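Throw the hints in and build the complete structure from the sequences for me.
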Amino acid sequence: MNAPVYTLGQLAQRLGATLRGPADKVITGLATLQDANSQQLSFLANPQYRKHLASCQAAAVLLTVADAQSYSGDALIVANPYLAYAELSHAFDRKPVAAAGVHPSAVVAADAQVDSTASIGAFAVIESGASIAAGVTVGAHCVVGARSVIGEGGWLAPRVTIYHDVRIGKAVVIQSGAVLGGEGFGFANEKGVWQKIAQIGGVVIGDNVEIGANTTIDRGALADTLIGNGVKLDNQIMIAHNVQVGDNTAMAGCVGISGSTKIGKNCMIAGGVGMVGHIEVCDGVFVTGMTMVTRSITEPGSYSSGTAMQPAGEWRKSAARIRQLDDMARRLQQLEKQLAAVTSSGNASSDA
Amino acid sequence: MNAPVYTLGQLAQRLGATLRGPADKVITGLATLQDANSQQLSFLANPQYRKHLASCQAAAVLLTVADAQSYSGDALIVANPYLAYAELSHAFDRKPVAAAGVHPSAVVAADAQVDSTASIGAFAVIESGASIAAGVTVGAHCVVGARSVIGEGGWLAPRVTIYHDVRIGKAVVIQSGAVLGGEGFGFANEKGVWQKIAQIGGVVIGDNVEIGANTTIDRGALADTLIGNGVKLDNQIMIAHNVQVGDNTAMAGCVGISGSTKIGKNCMIAGGVGMVGHIEVCDGVFVTGMTMVTRSITEPGSYSSGTAMQPAGEWRKSAARIRQLDDMARRLQQLEKQLAAVTSSGNASSDA
Amino acid sequence: MNAPVYTLGQLAQRLGATLRGPADKVITGLATLQDANSQQLSFLANPQYRKHLASCQAAAVLLTVADAQSYSGDALIVANPYLAYAELSHAFDRKPVAAAGVHPSAVVAADAQVDSTASIGAFAVIESGASIAAGVTVGAHCVVGARSVIGEGGWLAPRVTIYHDVRIGKAVVIQSGAVLGGEGFGFANEKGVWQKIAQIGGVVIGDNVEIGANTTIDRGALADTLIGNGVKLDNQIMIAHNVQVGDNTAMAGCVGISGSTKIGKNCMIAGGVGMVGHIEVCDGVFVTGMTMVTRSITEPGSYSSGTAMQPAGEWRKSAARIRQLDDMARRLQQLEKQLAAVTSSGNASSDA
Numbered sequence: 003m004n005a006p007v008y009t010l011g012q013l014a015q016r017l018g019a020t021l022r023g024p025a026d027k028v029i030t031g032l033a034t035l036q037d038a039n040s041q042q043l044s045f046l047a048n049p050q051y052r053k054h055l056a057s058c059q060a061a062a063v064l065l066t067v068a069d070a071q072s073y074s075g076d077a078l079i080v081a082n083p084y085l086a087y088a089e090l091s092h093a094f095d096r097k098p099v100a101a102a103g104v105h106p107s108a109v110v111a112a113d114a115q116v117d118s119t120a121s122i123g124a125f126a127v128i129e130s131g132a133s134i135a136a137g138v139t140v141g142a143h144c145v146v147g148a149r150s151v152i153g154e155g156g157w158l159a160p161r162v163t164i165y166h167d168v169r170i171g172k173a174v175v176i177q178s179g180a181v182l183g184g185e186g187f188g189f190a191n192e193k194g195v196w197q198k199i200a201q202i203g204g205v206v207i208g209d210n211v212e213i214g215a216n217t218t219i220d221r222g223a224l225a226d227t228l229i230g231n232g233v234k235l236d237n238q239i240m241i242a243h244n245v246q247v248g249d250n251t252a253m254a255g256c257v258g259i260s261g262s263t264k265i266g267k268n269c270m271i272a273g274g275v276g277m278v279g280h281i282e283v284c285d286g287v288f289v290t291g292m293t294m295v296t297r298s299i300t301e302p303g304s305y306s307s308g309t310a311m312q313p314a315g316e317w318r319k320s321a322a323r324i325r326q327l328d329d330m331a332r333r334l335q336q337l338e339k340q341l342a343a344v345t346s347s348g349n350a351s352s353d354a
Numbered sequence: 003m004n005a006p007v008y009t010l011g012q013l014a015q016r017l018g019a020t021l022r023g024p025a026d027k028v029i030t031g032l033a034t035l036q037d038a039n040s041q042q043l044s045f046l047a048n049p050q051y052r053k054h055l056a057s058c059q060a061a062a063v064l065l066t067v068a069d070a071q072s073y074s075g076d077a078l079i080v081a082n083p084y085l086a087y088a089e090l091s092h093a094f095d096r097k098p099v100a101a102a103g104v105h106p107s108a109v110v111a112a113d114a115q116v117d118s119t120a121s122i123g124a125f126a127v128i129e130s131g132a133s134i135a136a137g138v139t140v141g142a143h144c145v146v147g148a149r150s151v152i153g154e155g156g157w158l159a160p161r162v163t164i165y166h167d168v169r170i171g172k173a174v175v176i177q178s179g180a181v182l183g184g185e186g187f188g189f190a191n192e193k194g195v196w197q198k199i200a201q202i203g204g205v206v207i208g209d210n211v212e213i214g215a216n217t218t219i220d221r222g223a224l225a226d227t228l229i230g231n232g233v234k235l236d237n238q239i240m241i242a243h244n245v246q247v248g249d250n251t252a253m254a255g256c257v258g259i260s261g262s263t264k265i266g267k268n269c270m271i272a273g274g275v276g277m278v279g280h281i282e283v284c285d286g287v288f289v290t291g292m293t294m295v296t297r298s299i300t301e302p303g304s305y306s307s308g309t310a311m312q313p314a315g316e317w318r319k320s321a322a323r324i325r326q327l328d329d330m331a332r333r334l335q336q337l338e339k340q341l342a343a344v345t346s347s348g349n350a351s352s353d354a
Numbered sequence: 003m004n005a006p007v008y009t010l011g012q013l014a015q016r017l018g019a020t021l022r023g024p025a026d027k028v029i030t031g032l033a034t035l036q037d038a039n040s041q042q043l044s045f046l047a048n049p050q051y052r053k054h055l056a057s058c059q060a061a062a063v064l065l066t067v068a069d070a071q072s073y074s075g076d077a078l079i080v081a082n083p084y085l086a087y088a089e090l091s092h093a094f095d096r097k098p099v100a101a102a103g104v105h106p107s108a109v110v111a112a113d114a115q116v117d118s119t120a121s122i123g124a125f126a127v128i129e130s131g132a133s134i135a136a137g138v139t140v141g142a143h144c145v146v147g148a149r150s151v152i153g154e155g156g157w158l159a160p161r162v163t164i165y166h167d168v169r170i171g172k173a174v175v176i177q178s179g180a181v182l183g184g185e186g187f188g189f190a191n192e193k194g195v196w197q198k199i200a201q202i203g204g205v206v207i208g209d210n211v212e213i214g215a216n217t218t219i220d221r222g223a224l225a226d227t228l229i230g231n232g233v234k235l236d237n238q239i240m241i242a243h244n245v246q247v248g249d250n251t252a253m254a255g256c257v258g259i260s261g262s263t264k265i266g267k268n269c270m271i272a273g274g275v276g277m278v279g280h281i282e283v284c285d286g287v288f289v290t291g292m293t294m295v296t297r298s299i300t301e302p303g304s305y306s307s308g309t310a311m312q313p314a315g316e317w318r319k320s321a322a323r324i325r326q327l328d329d330m331a332r333r334l335q336q337l338e339k340q341l342a343a344v345t346s347s348g349n350a351s352s353d354a
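From first to last, the protein sequence lines are chains A, B and C.
Just so we're aligned, residue 3 is where the first sequence starts under this note's numbering, counting upward by one.
Just so we're aligned, residue 3 is where the second sequence starts under this note's numbering, counting upward by one.
Just so we're aligned, residue 3 is where the third sequence starts under this note's numbering, counting upward by one.
Treat the hints as calculated values from the structure; they're not laboratory data.
All the pointers check out, no bait thrown in.
Where chains are identical, the list cannot tell them apart; a pair therefore holds if satisfied intra-copy or between any two copies.
Here are the simulated DSS-like pairs of lysine-lysine, each with C-alpha atoms no more than 27 Å apart in a straight line: (1) K264 / K172; (2) K264 / K198; (3) K27 / K53; (4) K172 / K267; (5) K27 / K97; (6) K267 / K193; (7) K172 / K97.
Because the structure is a prediction, the values reported are computed rather than measured.
Right, here's the structure in full:
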């Protein structure tokens, strides 16, 4: 597959953009304002990068009407340059497209349903009663368990595991190494020994969801684990059994959500955040990186925990002082009382 | 495989429970008190949920003698409803059971031993000298390395890697994506360049261990990495080389244990906890979520680090103040001295 | 493969060490000073372990000239015992060596290039235009994507995914479950809905890099994600799109680096550290375990965040006080003013 090439006119047409410059100018790729060469298209989305416009070498730049006025070079003028870049990025993607059909090495159960437009990769295993819809790509080495369903237009990278009874919506993208429907961590303690609780719920994934590399989403203990429409999960995220994630919520890498916690819609959970189990986080919450969420959140807004980074020598002092904080607070209160007594006795004596 | 169906009488008999209600009542599943429909069995284990008994629609409820007195519906009366639920959960599990035998696509070394009652899945690779005991299931796409041993009754989900010289006890369950026996992080620094140290120890896993999805347990540098009997490890846990974990210790998701650390028996390590290397944690320790364990723990009990979550605006102030804590502590001490001087001089003058 | 056996003389020769003891003494393995039996070689690298020399049962010990003077047993005398141990560890490694050639079950694209001295394992998939250099081992179940390159002498454990357009240098070791070139977390928000941005950059890995089990390195959004020569990455590390890591930097397990962050050379990043995106960390930085790096670091040295572990009861008090810290700081300042007023009025009156 050769790298894709377009003319500036073709790209303007694709975006419905106003073209400033020659329609036949050749564009071979996308790049940042700083990196773009004379055959690449760039974009200005973040105002902080406006300073790079002057020295920009790009063939053309995606700009708003306002920014286009302070730039004399060729441009595609659009309402939202970042969204325009997002759309054009797919035109320049060299990700291989799998051909429809079942690879001869794949093992597909006799009673599994595979749409004729779906692509099943080498060594994939499709188990009994599973269903693969139209336009789905199942990568090499994927396993789709019994009775699981992959909705229309889904794309599974190589080496994804879907256990049994997992229902995945339309146009879901799953990166390599992800595991959906693993048995959640359920044990009953009997005199110090852990007895396993079978995890008999499933997993339900909405439409337009993205699931990152090596992310794990456990099946429910009784009811299903639920991931809403449009949810975006980065790499190495851990979603425990019976968690519910609301529509269009995004989580960055290495987040861990404990069992039965319910997260609202349109939340943004930064990298490394942890949430305890059995809490509720309302819609529209932003949690900053590596925060430990130990209680329910009922008001939209931004939440944090942790301490700011310091040079280790200073940090050791702060950390030691934190352990003395309760004592410090008591001494402070004591001082306030003593000083009040001194001041009032002083006042008393001067009154006398 | 159809969903399993039982009568209430069959379930009572299985548990040795006292049956209250018709023995021929049909039970099609398990559910919580809030979710159960008229064909599902529920249970009351957590006293906080007792309030849901009144409106419960379940066909019957697993109850203690005491709780049964305040509930008029059908019930199975048992000593420990949660353990009873744990036991019955397996009766309703629709997890497919693999047939004994080696899938024709599997690659099994000529000198590997595979018991005739074991099941080896599609595309599994069993290397030279490996041994698979009776009743073991090796899922599709698993790799069992040279000379490694899987004990009786083990269950490996699809896509598990066992490197060479890993010995796994009886009835061990390993979820998809787990990696046992990877080469630990051992390097000797030679003038700024890292020289690799071959990891020549193995991994030894006890009986009745559970290992979660995408969890990694590295092989020892010299001696073996050791996981005791009955240990339960959730997803995405990282166990470094030469770690030792005592019997019946449980760890929740995303825990990381650094090299050569030794953890006692019956510990509970909550999600996201990290432990530095070369420390010892005694038996019976509970570590709360996302705590950083930086030193040995010699007394059983509960341990924590980190700060409580706050709205981000307040958190920024707290975080800034933490960096000033050492200064604050010194000023507090100074104030105490000054106030003592004022008070004592005041006393002195009133004495005079 | 039998366990390797050497004579003490052979090992001395291999290291260029001074031999003290019989050249024909049989050495069957390596072990620590405490664990070594009479056929094993040990080493003294950490001065803290010097106390174990007296009771050491080892066949011989790797020692410096200085330490050899206070030990009467057999020894191999070398400049750096730890480096000598690192070198000899490979002699005792029982890791299977794969035979050259392509396993008959592997699927290799017609236009992929596989050197005749490379080994391609069972069920491996080598896609169109990929290139596998001399002496490379590609483990069972690996996928090497279109146009990706594995340089001379590389070793991929079973079950590694390399997406398309990933260039890997010479002698790179990749553990099982690692994913290189996954699609980074790039979305443009359009009225609450996330629009995917195609990730059209690649990944470039230098020479002599080691990548741990289940570690993920995302491809670039536009330009490539870059990992320098000699970088060592432990297990379950997450490297986001467009990160750059300088030569010989080492990261322990569970580290997460957010997008576009640039890390210098010869840094050491301890386990569980998180870094926000778009920052720069200079050469020679050491970050302690589970630190959250929220800003650029411009000076070499050691950095930390977080709080020290406490018993949970004390911790709850500290955590509550941290939330009051801003208030405490204001009250402290107030007290200082009041006390200054008292003292100065006292002084004033005694002056008077």
